[in-house]
Amino acid sequence: MKFLEYQAKEVFAAAGIPTPQGKVAATAGEARAIAEELGGAVVVKAQVPIGGRGKAGGVAVVKSAAEAEKEAQRILSMEIRGYPVDEVLIEKAADIKAEFYLGVTVDRARQAPVLIVSSAGGMDIEEVAATHPDKVAKVWIDPLIGLRPFQVKEACYRAQVPPELIQEMSGFIEKVYRVFKEQDAILVEINPLALLGSGELIALDGKMETDDNARFRHPDAKGVDEQAEHPLEQRAKELGLSYVKLDGEVGIVGNGAGLVMTTLDMIQRHGGKAANFLDIGGGAKAEVVKNGLSLILSDPDVKSILINVFGGITRCDEVAKGLLSVIQEMEVHVPIVVRLAGTRAEEGRALLAESHLATAESFQEAAKKAVELARA
Amino acid sequence: MKFLEYQAKEVFAAAGIPTPQGKVAATAGEARAIAEELGGAVVVKAQVPIGGRGKAGGVAVVKSAAEAEKEAQRILSMEIRGYPVDEVLIEKAADIKAEFYLGVTVDRARQAPVLIVSSAGGMDIEEVAATHPDKVAKVWIDPLIGLRPFQVKEACYRAQVPPELIQEMSGFIEKVYRVFKEQDAILVEINPLALLGSGELIALDGKMETDDNARFRHPDAKGVDEQAEHPLEQRAKELGLSYVKLDGEVGIVGNGAGLVMTTLDMIQRHGGKAANFLDIGGGAKAEVVKNGLSLILSDPDVKSILINVFGGITRCDEVAKGLLSVIQEMEVHVPIVVRLAGTRAEEGRALLAESHLATAESFQEAAKKAVELARA
Amino acid sequence: MSILVNNKTRLLVQGITGREGAFHTKQMLAYGTQVVAGVTPGKAGESVEGVPVYNTVREAVDKHGVNTSIIFVPPRFAADAALEAIDAGIELVVCITEWIPVHEMMEVTAYARAKGTRLVGPNCPGVISPGEALVGILPGGIFKPGPVGLVSRSGTLTYEVVNELTTRGIGQSTCVGIGGDPIIGTRFIDVLRLFEEDPQTEVIVMIGEIGGSDEEEAAEYIKTMKKPVVGFISGRTAPPGKRMGHAGAIISGNTGTAESKIRALTAANVPVADTINEIVDLVEQRLK
Amino acid sequence: MSILVNNKTRLLVQGITGREGAFHTKQMLAYGTQVVAGVTPGKAGESVEGVPVYNTVREAVDKHGVNTSIIFVPPRFAADAALEAIDAGIELVVCITEWIPVHEMMEVTAYARAKGTRLVGPNCPGVISPGEALVGILPGGIFKPGPVGLVSRSGTLTYEVVNELTTRGIGQSTCVGIGGDPIIGTRFIDVLRLFEEDPQTEVIVMIGEIGGSDEEEAAEYIKTMKKPVVGFISGRTAPPGKRMGHAGAIISGNTGTAESKIRALTAANVPVADTINEIVDLVEQRLK
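Residue numbers (the numbering used here), protein chains in the order written: chain R, 6 to 381; chain U, 6 to 381; chain G, 27 to 314; chain C, 27 to 314.
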């Protein structure tokens, strides 16, 4: 689950991490009222679950409440990389003396959290890491001992945090790491983490993404569902289906993520494009097949459907029977190609031959047929 | 640091562990008032930092406040294995359905905490472990992962905790383990942990001992200093000396715990008995030597003193000079034998030869001399 | 020979009384695997398909000399089950459960390394050494003993390849489903090392997919190997930033692309097949 | 040969700018130990006795190929320093600091085991291989190279024995002070194993004391050893329940008594000396 800036900052503030004074607004009028309350000189920021909003014009620094209203109006009418801006965050402008980068994320290759600190805050950290690796301190946290003072110190020293700031920065890092752990986050990022004229360290921006597998521990978490961008993805989520909307014309149903991905690749190989990714899992249970098929049939982009199932423990003849009974109940307005493989595949195909469904023996043949039918 | 029952229970209660209603009393009158408040039927328990008070008559179950007063009077006048009873804990009598044992301690050999649970509560756990090992579940906690649900379950199942109690017992164990960790305890023991008629689990007794090395983390901990039983030990503690009062007549000063222990052994080997253990540490600094010697000189049991110093990095001639200057300032009323060994031992002995101190070349000779002088 | 599991495997099933646990216990027994014990807390004394059930792993290990465990425990309790198996000193733990939180898996994999336990999975179909032992949920019927070692991040894709291999008369030494999660106990490189040492294995098939950099890491190792490896990468047409079913199958920024993986494998002289048939063609050529 | 430390030791001093750290750095350098770097957070760029100081262990390791570390850090920070050294992959860590909390030491020893680091101490005088390297606070002048391996829970008692050995012309291969705390990284059995394999060591002296059961555990191992071991146990007359200076020197209940240790050693055919002279007599007999 991704958190919008203001959502992340609410979590930060609850964990004792300093954040600027501010409030979120859904209208330009609200923005003006908040700016007035904050004293006029504020920052207006688009709340979208994606980076690069600054470059896209989604952030404005203004001197007055009237200006804040104007900018909020403009930003609220934007769409940033496909995301319409529904809310803006209005925050008191800060007196910034220096900017740092602070992030904690999961390193897949090392199978451990990695703490990243840099004195080159406010910039794209990947770019800084590439051009000035000495300015980016990466410290891996052994899950067996967790974050310890020595790692925090190492990160500060290597990032050249000024000596007089190390103690405060260490406390800041410890709090951020606690958020990372307690929220089951896979990413917490503060960029910039600013040193104010007052000497205080503060999270000027905030990004957080949490682990969906751990959602049961955080029933009240307030964030944005990342995979549900398309209405069909939203619907799939409700149905508990592993579905991704794509921009082609061949609807795909398969069992097993690897098999489905390979099916998409195969469609492309035969000159077509898949309209979706849909993994119905092992055994191809009737209800899941039905939900999956009706989802795909409701997609106006879909011109043909390829059902690609490998019968493993469940035999293909049983899979065929299940498929037939499901399809007979449905109103099917596009051609369907079924490919069965694995245990008792021939028997399965024989059963399907009596239906109006097209069958295919091989993966290639199935993909080719589905592409041809989509074009017909 | 050892905690008296009521002190341990205050810590338990703060950690959410159920404990009986009760208060501590220093006089029989207070005991009566508390018993009245609690409704008459109470338990009166001597508060001493040592086990076996029940067998010694330090616990009384009474039916009325008047009885409570009488028993408190009796118990407050007791001395249990050398400890005068200064306080009694008055607790509401409990309706006990079953008794369990629950303990967490540090296992030296395995270098890990060990959780001990038994259905044979109320009894001496070492005895139960010896006679009915199947009734005592010991589960070691790997410090790298800490206490996990599987270990709690394992302890419950192996201790034959009734299935309907496992969930509540698990929560109880988790809280006790948290106390063990958070208090830097080396022992937390609840015996008996009682199942009441109401179905509630409760800590009827409570024992805790914490790690003195971690005392800096617990500045407000309220317990009893274990090693300061004798007034001289109390004084040594104030002086920061590693001192143990023993029941012999030869005062011992040495550098290094192993060397001092061996000196005690050597005194006994020559027919004497040491009056104390005193390790002044490496280098034999003048102030430590002075404090140590004056402590020993203030012990009326001491009839002679053996100073046994090994000069390592600090040379023996320097040690001798230091010793001489310290001793010259003091009023010494018992004979002192000094044995110097190690770097420049001969030179050291030569320096001491000019003083009124007896010297010895060998360990054996020194011990023998000190014993003889004590008898003279 | 084979790797990881064989006729000396003495298997414990954690979560044996659950629907999946009980079903696959039956399948594994039918395949000939020595399933010696099961664990479900609170169900000690029961039995599943004749296999005795215990409350704790330690008890099962003490009584039955278990050397391998398979986990069918629900996601919220699976990491604890894995820690229990590792703590009890079991050599090989295969975790079938999916949806285990990432933070828990980081602890579990670190603990497994610390204690010298080999963990396979989570979110994997398990391991099979055809004709010897099945420790997983793979459909035993499609496998046959032979010289091909197979390691894969995907279950059904493995079955597709194996089905084709077996149909063409080519058997397998061991097939290892390492799982599709971002944090997994055993990675390509670990299995390749085992195959390299296994006398039965002559050719290795490695089925990767988008996401992470394990294929690239494996490619570096393959450069030092003596045995031929055939590669396959699924998800070539997957868009960046989208999780393709597997939690680990996602292209983030510039990492995890199919191109990068294919490039790395090609640089290690590994032919990367375009189709499943082609995988088997390449294997056939290398066996001759 | 010797064990643990030798002329290939490349030593890092953690807490090098402190009073003890600086003093013993000088002593170790004077003895000929290769002290290559020091660490004190915040003091990078300084130097102590010509040894460069760094902020972090990792930096020192990266720049100087450190393989051994010695810790003089104050008790509150010593466990963290040890974890830092272990995390950086240093092979041998000698912790001189005393008064480290028990809970922290349980974590540190477990982590050292997990990462394959050998930890000696805490609360120990360190290790010396006479003529090769001194990694500790032992008085180098009293040692001389030779065939006796010595392992001890006590510092000054070690010096007493070594002084007597050297005076009588008997040298030492390596002397290891394992420390007097209840939780220590390296125990008698670990050092005995190393001495058993060390070609230079011909006779081993083991100086135990009351408390714990490490001597009993060692006695079991000694039964399988080829080299002769001479024993000594201090604290025979210590009363139960009293800590005799060392945190670990305490008889609790029936465990940790001198009788139990002497009985165990005797059963392993280890002669237990009554005096320091007798230790050396016994060594002399076994060398001839």
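Calculated directly from the structure, the hints in this document are not laboratory data. The beta-carbon is built from N, C-alpha and C at its ideal position, and this holds for glycine as well. Incorrect hints may have been included.
With the Cβ distance kept under 7 Å, some of the chain C side facing chain U (calculated, not the full set) [stated by the list, open to error]:
| id | residue |
| --- | --- |
| 1 | 128 |
| 2 | 157 |
| 3 | 266 |
| 4 | 268 |
| 5 | 311 |
| 6 | 313 |
So, going through the hints one by one against the coordinates:
no. : hint : result
1   : 128  : holds (5 Å)
2   : 157  : violated (18 Å)
3   : 266  : violated (12 Å)
4   : 268  : holds (5 Å)
5   : 311  : violated (19 Å)
6   : 313  : violated (22 Å)
When held up to the earlier numbered hints, the structure conflicts with 2, 3, 5, 6 and fits the remainder.
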